[in-house]
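The hints should help you fit chain B onto chain A, whose structure is shown.
Protein chains: 2
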Amino acid sequence: MKIFVTGGAGFIGSHIVDYLIGRGDDVVIYDNFCTGQEIFIKHHFDNQRFTLIKDDVLNFNALKKAMKDSDFVFHIAGHADVRGGYTDHDIDLKQNFMATQNVLEAMHQLNIKNIAFSSTSSVYGDAILHPTPESYPFEPTSLYGAAKANSENYIYTYAHYYDWNAYIFRFVSWIGERYTHGCIFDFMKKLKADSSHLYMLSDGTPKKSSLYVKDGVNAIFTIIEKSSEKINIYNLGHEEVTTIKNIADIVCDELGLKKVQYTFEGGDKGWMGDNKFVHLSIDKLKQLGWEPTVNIEEGIRRTVRYLKESSFLLNAR
Amino acid sequence: MKIFVTGGAGFIGSHIVDYLIGRGDDVVIYDNFCTGQEIFIKHHFDNQRFTLIKDDVLNFNALKKAMKDSDFVFHIAGHADVRGGYTDHDIDLKQNFMATQNVLEAMHQLNIKNIAFSSTSSVYGDAILHPTPESYPFEPTSLYGAAKANSENYIYTYAHYYDWNAYIFRFVSWIGERYTHGCIFDFMKKLKADSSHLYMLSDGTPKKSSLYVKDGVNAIFTIIEKSSEKINIYNLGHEEVTTIKNIADIVCDELGLKKVQYTFEGGDKGWMGDNKFVHLSIDKLKQLGWEPTVNIEEGIRRTVRYLKESSFLLNAR
Numbered sequence: 024m025k026i027f028v029t030g031g032a033g034f035i036g037s038h039i040v041d042y043l044i045g046r047g048d049d050v051v052i053y054d055n056f057c058t059g060q061e062i063f064i065k066h067h068f069d070n071q072r073f074t075l076i077k078d079d080v081l082n083f084n085a086l087k088k089a090m091k092d093s094d095f096v097f098h099i100a101g102h103a104d105v106r107g108g109y110t111d112h113d114i115d116l117k118q119n120f121m122a123t124q125n126v127l128e129a130m131h132q133l134n135i136k137n138i139a140f141s142s143t144s145s146v147y148g149d150a151i152l153h154p155t156p157e158s159y160p161f162e163p164t165s166l167y168g169a170a171k172a173n174s175e176n177y178i179y180t181y182a183h184y185y186d187w188n189a190y191i192f193r194f195v196s197w198i199g200e201r202y203t204h205g206c207i208f209d210f211m212k213k214l215k216a217d218s219s220h221l222y223m224l225s226d227g228t229p230k231k232s233s234l235y236v237k238d239g240v241n242a243i244f245t246i247i248e249k250s251s252e253k254i255n256i257y258n259l260g261h262e263e264v265t266t267i268k269n270i271a272d273i274v275c276d277e278l279g280l281k282k283v284q285y286t287f288e289g290g291d292k293g294w295m296g297d298n299k300f301v302h303l304s305i306d307k308l309k310q311l312g313w314e315p316t317v318n319i320e321e322g323i324r325r326t327v328r329y330l331k332e333s334s335f336l337l338n339a340r
Numbered sequence: 024m025k026i027f028v029t030g031g032a033g034f035i036g037s038h039i040v041d042y043l044i045g046r047g048d049d050v051v052i053y054d055n056f057c058t059g060q061e062i063f064i065k066h067h068f069d070n071q072r073f074t075l076i077k078d079d080v081l082n083f084n085a086l087k088k089a090m091k092d093s094d095f096v097f098h099i100a101g102h103a104d105v106r107g108g109y110t111d112h113d114i115d116l117k118q119n120f121m122a123t124q125n126v127l128e129a130m131h132q133l134n135i136k137n138i139a140f141s142s143t144s145s146v147y148g149d150a151i152l153h154p155t156p157e158s159y160p161f162e163p164t165s166l167y168g169a170a171k172a173n174s175e176n177y178i179y180t181y182a183h184y185y186d187w188n189a190y191i192f193r194f195v196s197w198i199g200e201r202y203t204h205g206c207i208f209d210f211m212k213k214l215k216a217d218s219s220h221l222y223m224l225s226d227g228t229p230k231k232s233s234l235y236v237k238d239g240v241n242a243i244f245t246i247i248e249k250s251s252e253k254i255n256i257y258n259l260g261h262e263e264v265t266t267i268k269n270i271a272d273i274v275c276d277e278l279g280l281k282k283v284q285y286t287f288e289g290g291d292k293g294w295m296g297d298n299k300f301v302h303l304s305i306d307k308l309k310q311l312g313w314e315p316t317v318n319i320e321e322g323i324r325r326t327v328r329y330l331k332e333s334s335f336l337l338n339a340r
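Top to bottom, those sequences are chains A and B. Following the numbering used here, the numbering of the first sequence begins with 24 at its first residue and continues without gaps. Following the numbering used here, the numbering of the second sequence begins with 24 at its first residue and continues without gaps.
If we strip away everything but chain A, and leave its shape as in the complex, we get (with noise of 0.2 Å):
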């Protein structure tokens, strides 16, 4: 098969590119290198298998042209920054909702019939009902939620339209190696510049899933091998959560820093969108067989480790 992944030299993205090459697929990257990283990927640069195109989804006349004869397209390109939506009202606009649909424009034209999507938890809003199923209807408190949420309307009709075959993930964060945005990574750059001294945007309070990529990576390819429906929609979270405080908690403890004073700067809210208790329902996943391996504190301190490792990335940004 002939695998097209937009955002292939992302964090999750590049995961992905890892599974498709290792099961033996051809992929074609196409990233425009906003947040993704030549070091996620560089390792494929040598393989017949593989293609990396640096181009921008928005572009349509070149995402078209480098789709051409894909089997399956995995759009995992989009604007992962759900705070910058309150101030930019274009961006998750453009990023999030436009590139889905110059995808599925595309996919249409080129006659391709299968799509996997990332959307987010962020579409379920301030749930009252948790953990959150699948069923939930969407109540977006911010524009990167309500963007992803336009993008999975679309690709519903799309595939309805079509007779496609399309998979929709709704994550929680994501945590592990090649991890790049999110507040392990503010909280690590915040304590590289001030090791005493901790500022958080929320009390500490907001509670939330998250989950380790491999894991993530695992519950996506379970899905598509094993789901039936010609629309399949599926959570992708983890049993347990844990507070901001508790993230900052074990940041701490994994770079042995004992002593760093607290500030909280805010509410039981993060920012203007944020929600304070993420968990989603993964039951219908688990129906499938799948279970995460790694419990969120482990995930925690790889993704610390990680980025020790990788200070150009705490650098970069």
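Be careful, since some hints might not be right.
Where chains are identical, the list cannot tell them apart; a pair therefore holds if satisfied intra-copy or between any two copies.
[As the list claims (entries may be wrong)] Only pairs whose alpha carbons sit at most 25 Å apart, straight line, appear in this in silico DSS-like list of lysine-lysine: (1) K87 with K117; (2) K65 with K25; (3) K136 with K292; (4) K253 with K299; (5) K253 with K292; (6) K230 with K307; (7) K87 with K136; (8) K307 with K249; (9) K331 with K282.
These aren't lab readings, by the way, just hints derived from the structure by calculation. Because the structure is a prediction, the values reported are computed rather than measured.
Below, chain B alone, put in the same frame as chain A:
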């Protein structure tokens, strides 16, 4: 209050305008007259409280200028041809989603904090739960439904970000005076050309609710006056459903045509993206004290009588 009504010269919009003018509000209609009709609103032309602006919601600068100093926005403008989105993938994106995004952005920039929006039962697609409650997730089978659902996502987020009051109405088909499109319209147009024969797009079995326009307008203002959440999402429908064949029977009977031969050209859906069973739960709305006063058959008969007296509409399209 100064109320801004996009699509205020259209079928539903003009009835809302009548109600608002009757209540004593200042009303600004903003309409591109794509499907709006001057005849629906000209009885207000001498009213000092009435302003008409002919322009397009997609023209952001004109929209923002016209909306200035409004207290409440009814965003009723939209592209209502559900079928058309299958062959033209741009029209719903622009007319039903980007237009809404323009309205929201103009409201935000002008600090207007109240919005009512005409959504649709099509957001539920081929729901497997009937009557379908508001908590059912989006499963749109048409780009019309997807673009309306996208608008809802964006309204939800803007309302959350900026503490707005939002009223989202998911409509079944509306019928009654000033009806300008839909199957009754199509049947009458066909019967006008050949009163002995009626071709139907489906096998006649699709089963749907309809709502008489004056009951619908009463529902809208019942919700706005009585509901108490910041974001209020309501189905607007009817406890009755009727098949497409039954609608044809009533149309023919009301026209005095006794021996029309039916030809069923399709299957259990009239077109790609159509839904064979649309029946919304109206329990939430009934809890506010609202009930429909006109049954579906009577609503169809009134629609036929109106179109008989308004043959310019049948001739125009």
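We went through each hint and held it up to the structure:
no. : hint           : verdict
1   : K87 with K117  : both (17 Å within a copy, 21 Å between copies)
2   : K65 with K25   : within (19 Å within a copy, 60 Å between copies)
3   : K136 with K292 : between (40 Å within a copy, 23 Å between copies)
4   : K253 with K299 : between (33 Å within a copy, 19 Å between copies)
5   : K253 with K292 : between (37 Å within a copy, 19 Å between copies)
6   : K230 with K307 : within (22 Å within a copy, 32 Å between copies)
7   : K87 with K136  : within (14 Å within a copy, 41 Å between copies)
8   : K307 with K249 : within (12 Å within a copy, 39 Å between copies)
9   : K331 with K282 : within (19 Å within a copy, 83 Å between copies)
Comparing the model with each numbered hint stated earlier shows that all of them hold.
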